[in-house]
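Student: Here is how the chains run, residue by residue.
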Amino acid sequence: MAYEIVIAGVGGQGVVFMSKILAKASEGEVKLIANKGHAKREGSVTVHLKIGRAYSPIINPGDADMVVGLEPLEVLRNAHLAKENAYFLVEKKKVIPVSCSLGETEYPQDVEEKIKRFSDKVYFVRAFDEDYPRNFNIVMLGVMASVPGFPVPADRIRAELEKAGRGLGRHFDKGIEIMKGML
Amino acid sequence: MKKIMTGSEAIARAAVSSGVKVVTGYPGAPISEIMKVISKNTAEDDVFLEWSTNEKVALEVAIGASASGARSMCIMKHIGLNVASDPLNVANITGIVGGLLILVGSDPIPSSSQNSMDPRHYAHLANIPYFEAAGPDEASRLVRYLLRFSEEQKVPVILGVTSKVTHAMEQVELFDEKDDGNTFRFDRNGHQFVCLPFTVKEKVPALNHKMRNIARSIVSPFEGFEGEGKTTVIAVGFAYNPVKEAMEKYGFSARVLKISRVHPLPEQLIEQALESSDRILVVEERDPIVEKEILVLASKIGSSTPVFGTLTKHIPREGALSTYKIGLALSKIFEKEIPEPKKKIELIPRAGTLCAGCPHRSSYYLIRKALAKYEDAVIVGDRGCYNRAAAPPMNLLDVCMNMGSGVGIAEGISKVSPDQKVVAVMGDSTFFHSGLASVMNAAAGFADITVFILDNSCTAMTGQQPNPGTGETVRGEPLPRVDIYDLLKSRGHARVHQVDPYDVTTALPLVEKAIKEPGLSIVIMRRACVLKSKPQKVAKTLVDADKCVGCRTCIRETGCPALVYENGKVRIDQTKCVSCGLCKQTCPVNAIGEKYGV
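Line by line, the protein sequences are chains A and B.
Following our numbering, the numbering of the first sequence begins with 483 at its first residue and continues without gaps.
Following our numbering, the numbering of the second sequence begins with 902 at its first residue and continues without gaps.
With the rest of the complex left out, here is chain A (with noise of 0.2 Å):
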């Protein structure tokens, strides 16, 4: 059975090359979508990864195992794809959408709670650093990481950053050090 990943975001995040680098990272067979129509202007974001034997990439609702996001409302967008007790790992920081700042929508409340109902292993972190605004897709990257049970080793994954060249290793670092007192 594959490893069943869900990755949401926002258009410019980075969320895209995140999953790919964890594609690269994994050894073996791997499947991966990447549903980016609109992406960079701020559009939904979303990318299924499987990691081990899998015919097709599409994530069926219910069946996967871990729900990560850059953005919170992206992730209860995404919520009804994880089986239960499925690990959330999710950025608090919150992405306004123009049709909330105008008042035409109201951005959700209670977001939080609402994925808490989904599973008892739901982790907030604060990934997003106002100093590093473009890395925090990688600071994410240390947090899913830090998983018990993650199917791709953080060796490879740090790996692979490196050859992406842009000294991406430290927020990858930072953000395993941010699960250490979580888990």
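Quick caveat, the hints were computed from the structure, so don't treat them as lab data.
To give a feel for the contact side, a few chain B residues facing chain A, derived at Cβ under 10 Å:
1. P1143
2. K1243
3. G1253
4. C1286
Under the rule of at most 30 Å between Cα atoms (straight-line distance), these lysine-lysine pairs were calculated in the BS3-like manner:
5. K656(A) / K576(A)
6. K1243(B) / K598(A)
7. K1193(B) / K1150(B)
8. K502(A) / K941(B)
9. K1243(B) / K576(A)
Stretch-level coverage of chain B by chain A, calculated; a stretch enters the list once three of its residues show a Cβ under 8 Å from a Cβ in chain A:
10. 1067-1075
11. 1144-1152
12. 1213-1226
13. 1453-1461
For every residue, glycine included, the Cβ atom is placed at its ideal position computed from N, Cα and C.
Fit chain B to the known structure of chain A by using the hints.
Tutor: Leaving out everything else, chain B in the frame of chain A:
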């Protein structure tokens, strides 16, 4: 050796290692990334690459190369195949020389297109082979197989993919051998490429005979039976994956006939399935094309095996296929319940918007300001990032149809409704694609419209690919650019203006003048795409919280994603803001200012 890669990379690498010499196309999801991968893996002398002005031209360039003996690939999305159908329906009967592969990406949902048209119908219209890939690795093997197949059969071949192939990643087997580079020459003997009534008479029966022969005698390595059982599921293209998954997940046992060749169908295999099954389920995404062909074949051989599929409503015709949808079809056939999947929670949507600092935002601000005094003005859009203006908060566009359609439609409206101001908006790439012809038409036809060409110097929406106005090749080599303003100088009776949309103060009077003048006026709004060349940020745009009254005029007027309303005030997200200065000009209390030296 295997390597993890996307379907786009797999297709690109397979094409290069299979000796492709010319790759042309027009970008669009889900096939926009392929050209870039080829440009990274080849040199200028090896492979000629071109994002052509439109799909028709792209296919014609590829046909020319193929006619001279070179293997060629032409890339487009399903809608582009409509544009290219003119040369397609001649190249089918002339036949080709070097392998010619037409790669067509389609969008069954649709998630980034104006329709979900099933391009496989063209296989029957042009009567040429059409294959569908089940995943990145198969797409790679198909590219190699089909370039040779096309060359052997002397006929263009289409390979169909969706984002489930190009945007997917898996382990892909790499090819070791590579074809060497020959020099090619157009052979001037004979009438192969001359299509006139006296030469065509023999060409049509020859094509029909060739296709009959493929249907009857060729089974490709991408088709075949798996498993045992009296129920056969015929899975077409990508559908193979969810079919296998549904059988495993819900515990159904059946024989599977995997099919990649949609046209001409491998008739031996289909007949075998009809003769040895109690019932057949055909699973294909969108229209029941294979299913209908199977019914025709069944009737021909006198088979009474029931065939289920889209026509019998076992498989839905609209939207993307899923494991559950296929599970439901199997559940009907086997009369065994399956569990319902967890439901998606209804939440506010997060729609895509124009980027912070996008020059289109300023252009629309200007157009809206200038149109404010005209009641009932009509704004006709076109295909590109600027069609985001149809969504809130702008709600600007009244029409948005196919590539290059805006000016023609605007002309039609203006001819019958002279009291309404009619404005057409299109981008530079759309202008070069097919907009130029409609602008010339409007100039000749005395249309009373204002045309805004939002020139951001690239094909922005699909990934900032170059077009004739960019001034560079696919490989990034500099080229003299075609300047739209210069081009439109021989403009008949039209008036042509050019403005910088960031410079609202200078541009507004010109835009107002252009809209006011009778007849055809053209305004080129020229400013590079922020994703292509990010403006140097010399100042930080900030909201003075003491002055801000929280009226949100700035957000309403611009819809800029860098403006965030929190606790009754607006603040600017500095990670997004490029200091274009537009919001500053909308603030009624002058609360937005710039701080220099950042």
